[in-house]
Amino acid sequence: MRSDRGPSAPLGLKIAAACGLLFLHLPILLIFVYAFTTEEKSFVWPPPGLTTQWFAVTWNRPDVWEALSLSVRVAAISTAIALVLGTLCAAAVSQTRFFGRETISLLVILPIALPGIITGIALRSAFSLADIPFSFWTIVLGHATFCVVVVYNNAVARFRRTSGSMIEASMDLGADGFQTFRHVVLPNIATALLAGGMLAFALSFDEVIVTTFTAGQQQTVPIWMLEELIRPRQRPVTNVVAMVVVLVTLLPILLAYYLTRDGDQIAGSGK
Amino acid sequence: MTSAVSFQKVSRHFGSVRAVDAVDLDIAPGEFFAMLGPSGSGKTTCLRLIAGFEQPTAGSISIFGERAEGVPPYRRNVNTVFQDYALFPHLNVLDNVAYGLMVKGIGKLARQKAAEEALSLVRLPGYGARRPGQLSGGQRQRVALARALVNQPKVLLLDEPLGALDLKLRENMQDELKSLQKALGITFVFVTHDQGEALSMADRVAVFNDGKIMQIGTPEDIYQRPKTRFVADFVGSSNVLPPDFVQRYSGQHRWGSLRPESIRVGRGAKGDGVAARLVSTNYLGATTRLALDADGLRLHAIVPAGTAMPEEGEAVVLTFNREHLHLMDEPT
Ligand SMILES: Nc1ncnc2c1ncn2[C@@H]1O[C@H](COP(=O)(O)OP(=O)(O)O)[C@@H](O)[C@H]1O
Ligand SMILES: [Mg+2]
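As given, the protein sequences belong to chains R and E, one line each in that order. Each residue of the first sequence is one higher than the one before, starting from 49 at the first, in my numbering. Each residue of the second sequence is one higher than the one before, starting from 354 at the first, in my numbering.
These aren't lab readings, by the way, just hints derived from the structure by calculation. Remember, it's a predicted structure, so these values are computed and weren't measured experimentally. Glycine is no exception: its CB is placed at the ideal position from the N, C-alpha and C atoms. Among the hints, a few may not be true.
To be verified - Estimated spans, in silico, between C-beta atoms of each pair:
| no. | chain 1 | residue 1 | chain 2 | residue 2 | range |
| --- | --- | --- | --- | --- | --- |
| 1 | E | Asp377 | R | Arg145 | 54 to 62 Å |
| 2 | E | Gln408 | R | Leu274 | 52 to 60 Å |
| 3 | R | Val132 | E | Gly516 | 33 to 41 Å |
Could you put together the complete structure from these sequences and hints?
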C-alpha cells in the first residue's frame with residue numbers, strides 16, 4: 049500500500065488528494081480556532097479576537113466535569129466488560145470447532161454492522177419490557193454491545209496467527225489450561241487486546257446514538273455537547289471540550305494503530 | 354514386561370472418517386518405533402492419541418501399564434516434537450527449553466541449568482539468548498527436541514520431525530537422533546512417510562494405510578517379507594507379482610514380491626528367464642533403475658552403476674534366485 053516506491057503521482061491526482069484532505073480536516077481545525085474566540089454567542093469568521101479565557105471557564109463548570117466523569121467511567125467499564133467477553137468469545141470461535149460457530153461469530157459482529165439507531169431502539173424496548181430503569185448501567189450495557197465487537201475482532205485476528213499447536217505444545221510440556229493461558233496465550237494476544245481495548249474506549253467515549261436511547265437524565269460528553277450547542281451562551285466552552293475529546297479518542301486510536309501495525313489491521317475502527 | 358505404549362483395538366473416527374481403525378500395538382520400553390505410511394493414513398492421529406490430544410472412540414490405550422483414558426496431556430509422562438516445532442515466539446530459546454520445568458515450579462537457576470544442558474545435548478550450546486525466529490529450520494528442530502527432552506519423558510513422540518529439512522541436514526539428524534535415543538534409552542515413537550528413514554532408524558516399523566496397521570516388524574521383515582501388496586509397493590517399491598506369474602516360478606497360486614535389486618538383467622532375446630523389453634533407464638548415481646515390460650507386466654530392476662546397459666526398447670532376459678521371490682498373504 050505504500051506509494052513511495054512507484055513512480056510519483058500525476059499533478060492532478062495530487063491536487064485532488066490535497067483538496068480531499070482539506071475538506072476532511074479543515075472543519076476540525078475550525079473547531080480548534082473557535083475555542084480561542086472572544087465572541088461567545090455565535091461563531092463568526094474571522095474570530096473578532098483571541099483569548100484563552102474559555103479554558104478557565106470550562107475548568108470551573110461543574111456540568112462539564114460531571115459529563116466527563118460519566119463518559120470516562122462508562123468507557124472504562126464497557127471496555128473492561130468487552131475485554132473479558134470479547135477475548136473469551138474469540139478464543140472459543142478460533143480455537144474450537146462446534147455446531148453454529150460461524151453463526152455465533154456473525155452474531156457477535158452484528159452490533160457494529162447494524163445502524164446504532166437499531167441497537168439503540170432494540171435496547172430501549174428491551175429495557176422497558178423488562179422494567180429496567182435507565183441508569184449508568186444501561187448506558188454501559190449499550191456501549192458494551194459494540195465494544196465487545198472491537199475487542200473480539202482484534203483478538204480473533206491474533207488468535208488466527210497464534211498456531212493452535214503452540215497451545216498443544218504448552219499442554220504437552222505439562223502446563224494446565226490456566227498456565228497455558230497465562231504463559232502462552234496472554235503474551236501472544238496482549239498487544240491485540242491493548243489495541244482492541246483502546247479502540248473500544250475511544251468508541252464508547254464519543255458514542256451518541258445508542259447513548260441517547262439508553263441514558264436517562266444523565267449526560268455523557270457528546271450528549272452534553274449537543275445540548276450545549278442549542279444554548280447561545282459561552283459557546284467556546286463546547287469547543288474546548290471538543291479539543292479534549294479529540295485528544296482522548298485520537299491518542300488511543302493512534303497507539304492502537306502502532307501496536308498492531310506489523311500484523312493484523314485494526315478491525316472495526318470505522319464505526 | 355509392561356509395554357511402554359499399548360493400543361488395544363483403538364479406533365478414532367471423525368464422523369465417517371476412520372482416521373485410526375481398530376489398531377493393536379505394543380511398543381517396548383526403550384524401543385525406537387517408527388510409524389510409516391502415506392499422508393492421511395492416521396499416523397498423526399495415533400501420536401495425538403498417545404499424547405492425549407485425542408480420545409479413542411473405541412478401545413483402550415495404556416502407557417507403562419496405566420490406562421490413559423481421561424488423563425489430560427499435561428499429566429502424561431510423554432512429550433512431543435511437533436511437526437511445525439511449535440516453539441513459543443515470545444520466549445527466547447533458553448526459556449522455550451525451560452518451559453516444561455517452569456510450569457512444574459522448578460526454580461529459575463535449576464531450570465536454566467537443565468535447559469543449558471539440554472541445549473548442549475542437541476549441540477546448540479550458547480544459543481539460549483536467541484529468539485526462535487532467528488534460528489534456521491534445523492536449529493529450531495533441535496530446540497524443539499531439547500524442549501521435550503529436558504522433561505525426561507518416558508516416551509518421546511516425533512511427528513515427521515525431519516520433514517522440513519534438506520537432504521544433507523536430514524541425514525545428519527537421522528544419525529544424531531538415533532544415537533541420542535541409544536544414549537538416553539527413551540522410547541521413541543517416530544512418525545514418517547519416508548520409508549528409507551523408517552527402515553534406517555527404527556528397531557521396529559508399523560506400516561499404516563487407511564487408519565489400519567498393515568504390518569509390524571523389524572525393518573528387515575518389512576523390507577524382505579512384506580505381507581501385502583500395499584507394503585511391498587510402499588516400502589521400497591518392490592515388484593508386485595500377480596498369482597499367475599508367481600505360479601510359474603514357485604508352483605503356488607499366490608501374490609508375490611520381488612525386490613528390484615534381486616533382478617538380473619541379461620542382454621538378448623533368448624535365455625532361461627523372463628523375456629522382457631527395456632522401457633527406460635533412470636540414473637540414480639550409485640545405481641541405475643530400469644523400467645521393464647514383461648509381456649504387459651511392469652517391473653523395475655536396480656543394477657549397480659557401470660553395468661553394461663542395454664538400449665531402451667531392446668529385448669532382455671530377466672533372471673532371479675527363486676528364494677528371493679517372496680510369497681505374500683494377500684488374498685488372491
Ligand atoms: N480433527 C479432525 N477432524 C476430522 N478429520 C480428521 C481430523 N484429524 C485427522 N482427520 C482425518 O483423519 C485422517 C488421518 O489423518 P492423520 O492422522 O493426520 O494422517 P497422517 O498423519 O498419517 O497424514 C485423514 O483423513 C484426516 O483428514
Ligand atoms: Mg501427519
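Among all the numbered hints in the text so far, which are the ones the structure does not match?
-> 1
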